[in-house]
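Those sequence lines, one after another, are chains A and B. In my numbering, each residue carries its 1-based index in the first sequence increased by 1220. In my numbering, each residue carries its 1-based index in the second sequence increased by 110.
Hints listed in this document are in silico derivations from the structure and should not be mistaken for laboratory results. Be careful, since some hints might not be right.
[Stated by the list, open to error] 30 Å max Cα-Cα, derived DSS-like pairs, lysine-lysine: (1) B/Lys434 with A/Lys1592; (2) A/Lys1634 with B/Lys434; (3) B/Lys465 with A/Lys1692; (4) A/Lys1692 with B/Lys167; (5) A/Lys1692 with B/Lys279; (6) A/Lys1692 with B/Lys333; (7) A/Lys1692 with B/Lys170.
Given next are the chains, with one letter for each unit.
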Amino acid sequence: MSELRDNGLKPRVLVCECAGTMGENIDFERLERAFADVAEVERSPVWCNRQGQARLLELMEEDGSRPLVFAGCSQDFANRRFHRLFERGLRLEVADIREGCSWVHNGDSESVTDKARRIVEAAIEFPGAHDDKMVLENRVDSVLVIGGGVSGTQAAAELAQMGHRVELVERRPFLGGRAARIGTVFPTNDCGQCLPTTDAQAGVRKCFHRNVAIDNENMNIWRRATVESVSGRPGDFEVSLRQLPNIVTQDCVNCGLCEEVCQVGSEEEGGKAIFSEFYDGRVQRTVDLEACTFCGACAEACPVDAIDFSQSPELTTVHAGAILTAVGCEPAPARLVEHLGYGHEHVVTQTEMAELMDEWEEASWLGEQPVKELVMIQCAGSRDRRRLPYCSRICCMIALKHAIRLRTLFPEMKVTICYLEMRAAGVGYENWFLAARRAGVEFLRGTPSEVQFDAEGRPVIEVEDVTAAEKKILRPDLVVLSTGMVPANDAGRIAEVLNVDLDEDGFIDILDRKNRATETTTEGVFVCGSAAGPKALVECNTEASAVASEIHNFLSSAGRKSVPASTVDAAKCIGCDTCEAACPFGAINLIERPADAPRPAEVKGDGKLAVIDGEACRGCGICAAKCPELAITHNLSDDALFGRLRTMTGGVERPVVGFYCKECAGAAISLSGLRHDHYPDSVRLIELPCLGRISALHIIEAARLGAAGIFLAGCAEERCQYRTGDLSAEEQIELARELLEEAGTPIPLELWHLCAVDRHTVGRRIRLFCARAEGSEEAYRAGIELERVGSVPCAGGGDCVHASA
Amino acid sequence: MSTLVPEQARATVRELEAQCRQCLQCGQCIGACPNGFELELGPRRVVRMILSQDVEKLLKCEDVWRCSECQACTEACPMEVDVAGMMGRVRELQMEFGGVRCPERKVAEIATKRLSRKNKIDNMLFGTAMVSRGFIPSDLLATAEMGIKMSTGKVRRRPRLTVEGTEPKPFYAGCSLQQDKEAFNATAKVARELGFPLAEQEGAGCCGHGSRGKVPAKLETDKSVFTVCPACDYSLQEVEIETEPVWQALVEHARREELKLAAAKPRFVPYVGCLTDRETALGSLADAAELADAEMVSSYPGLHAGCCGALGAMFRGPTEAVLKLIDFAAENEAPIVTPCLLCRDNVRSAVRSAKKKVHVYFWPEFFQAAGTAATTADGEADD
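Could you put together the complete structure from these sequences and hints?
Laid out in structure tokens, this is it:
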């Protein structure tokens, strides 16, 4: 039957009295007697003290193959108390008779002891699966970094310094990305083209072109390269790269003769098809391959023969244990701000303003003032459900930076910022807001819905001054739009190649918004910087360092278990795609059924067969719960679950059954137990790896065994650790509800979302549910009320209801 | 009004509140409102009152009666709140619980509040019904009395609309054109001469435009109907009848048939009022100008689309927007041309009170088919 029993040895049951704290309602003599025939029982007042652990070690070493069942505290608590022994290979089946029984019940000794006996019996008869199938698999010690902007380059440099091989792929010919190309950045008001230095260099930061961190021997930089395809598995990806030639070779001395002779126009810096940007200084010059006519004039002019047109694009394959996407973001396209007059000569974006500012600085030296009146419009196209629904977070600060500079250069210029809310949340940001007000920038709370133009082509803005509650007309000479940021234009393609999800705004989705902000939904694929949403440079830098250590961790630890938590019985699988669609981790694939594989009678010819990938499987059991043919067996099998259910529901006429996931709900329930929060002993709890493991069959079976009510408890709402377990459970509970109603035997069925903070309330919730299940909810509520009234000191007096009672 | 507000009113406001919770109070609704300069509170604060469930203030709010339902606020809202719809719901609320028995009377009251002896009601031939019911103090009446005389007892003779041998187009004249014979004739004339015959629909009187009450359109057709008034467009679209502004259709028709138009003057200032879709209407006027070799003098679009001063079909004194427009026209020495009859009358009143020498034309008074006799209407103010 069970794995533990297969070796023919009687299991050993270690009963813990927990220093006498359970003696009040558990009769240990009786408990011990109950298992005398089926197990070796050893009782101790405390197992987790020095002597107890020494004894346990002895038992492990003497009699290693005999299954051990520990009847005492909860798995969580035991894990912490015995962690040294677990590290040494201790395997313990825990029967929680403390937080799960004695401490939470105040019933008589007989019923509580009976419940404890059943908990131990379930653990002996139907042990849970141990995670003993870990196969250590080495991960390739190299990282593919996509995107050579500030985030990607910094993460790459740090990973290289940690000793990992790094393949840094950049679409453009130069590293540095958007930050290197814009002017000064906030909050420091200096350039954005620096990286932190290594110990080998003086100073705390250095420009890309002067920073030797990029020259690390572990780092391989692929310029003008794109990722074509990715295959393989987390820990060993095979990546195909396509690289366009630079045309100008390393021999270039950057004399500039080529640029002088080039007659072909381009949008790149310098306006010629052969150009230099010098952000990272490793590549001196390059050719704009889209504009170049390949006339060869530059090659003839080159004094060092550094121009070679014979190069062609190359396809290369590299291996990487992990992939980092740092593809960044870009300014919103013009169509999103057309309603604000973009495209008109008197309307520019903040990015264009930054460029203008450099020209204007010269004008200020000559005492000129390019415009009299300037209006900046915040949230241009942003926080708008029809355009960009999100806040890009950096535009407020950019506007403040520009407005202060304008007022400093031109004290006579009227600078107005039409804003919806100034979001200056960051270290030192508020000072910028204050500085802008002190500099005389006018802040007008209210955003215009459009920008119009008069006959002379001058902008006219009709806007409500919300704080003054009146509509105004502004007639500035220049309108500056603080446009939002959108995902980089190939973010969608990259996501497809890497098989990662995008969030609702089109940015790379992160695994967990609170705890794992640098991981994507695919294992082994990481993300940092603006690729996951617009960010300021300071945040990009922080994330780059964070993701570097995250990846370092990933590469230095061994792979997870390569045996899936569930197996498919080919003789039952009919090749429908239920499990494939249900698996939240994409671990299940339908393959062509091998000729020699068994098949169910109804499957003829070339049916499909589901296979589960051990690397991707996280063990939730949703597939097993959903399989219509019951062809999938989870480590915690249906047999074991039904068995536990049968054992646990016995001995009480109308039990209340609670299924809970061992993650967040488990934490809430065991912490509640530590608080001795009482509930009736008719409550029988069954732990699951994830609530997704439950199927309607289990609920029906519990009802058939006489349950008065059944509750399911999972992680907090939308926070299922296996993503969709609670949703799956919701479907199953609805199905069960329908079936029970059809059968004419409806009972209360509830789905709860719990997390550790619910430790204060979960006991109360269980008590209320029990009352509801027993049909005595009204009386229960009345009881609470009475208790409350009783706890308030009564003023007494003639009319007081208590006086008469 | 009693300070006791029925629970039902509160319940309605709670229901409305749930529909505008996403409001950011950005003010784009007022920015977009063509009547924005004339409002006391504006749609943003009406929504704010809904959010704070200030039912007492909502029941007294007059701004909802200054709304012409042009939908500009709803279109501008970045959070997709149906702002214009909210204004409408508050109007209904006031009718149910706020003591407003007759929306027309309420509008007339609010309109006359702003009138002084200098600005008398002397326009709005079709608004005379209201005047005759005594909603307006008699000392504020001027030539409106004339309108009363005109609209009583006489049977109007219909001009010929159709052209033989051509399928006539369904035409919905609405209330304004029904009342103004000259305007109707001018419209009929230009349409006929361009070979674009119109057939007036049965029951094509009051369209039942929302703010005036709840008169449903009596028309039933599955064809696209040509209209002169944007209020009719909205009302007909509500009962799922397709509409097309007749001026736009005429200009398109003329362009297609390579016909020329003749303009009464070599240059003009356009004005499209609040209800008309600004871009389309101004574009259509610009096209007409091109076909007539006339020059359209304009500044930023908002200047040509403010509120004309009509409120529930009543003139209530010149609006800032119209005064600016008149100044602009005077500066440019060009007449004002509008496709809306309400606007023509109101702007004429405003011209008089501003004591400027500016002519105001209704579209067919200004544009005629080329080669035909010039229009009889001179478009000048009466005095």
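Each hint, compared with the structure:
Distance check on the hinted pair: B/Lys434 and A/Lys1592 sit about 23 Å apart at the alpha-carbon level, within 30 Å; holds. A threshold of 30 Å between alpha carbons decides the hint, and for A/Lys1634 with B/Lys434 the separation of about 24 Å falls inside it, so the pair holds. Restraint check: the Cα-Cα separation between B/Lys465 and A/Lys1692 comes to about 26 Å, which is no more than 30 Å; the hinted pair holds. Our distance criterion of 30 Å between C-alpha atoms is met by A/Lys1692 and B/Lys167, whose separation comes to about 25 Å.
Between A/Lys1692 and B/Lys279 the alpha-carbon distance is near 44 Å, which puts this suggested pair outside the 30 Å criterion. The hinted pair formed by A/Lys1692 and B/Lys333 fails the criterion: a straight-line CA distance of about 43 Å is larger than 30 Å. A C-alpha spacing of about 25 Å is found between A/Lys1692 and B/Lys170, which places the hinted pair at or below 30 Å, so the restraint holds.
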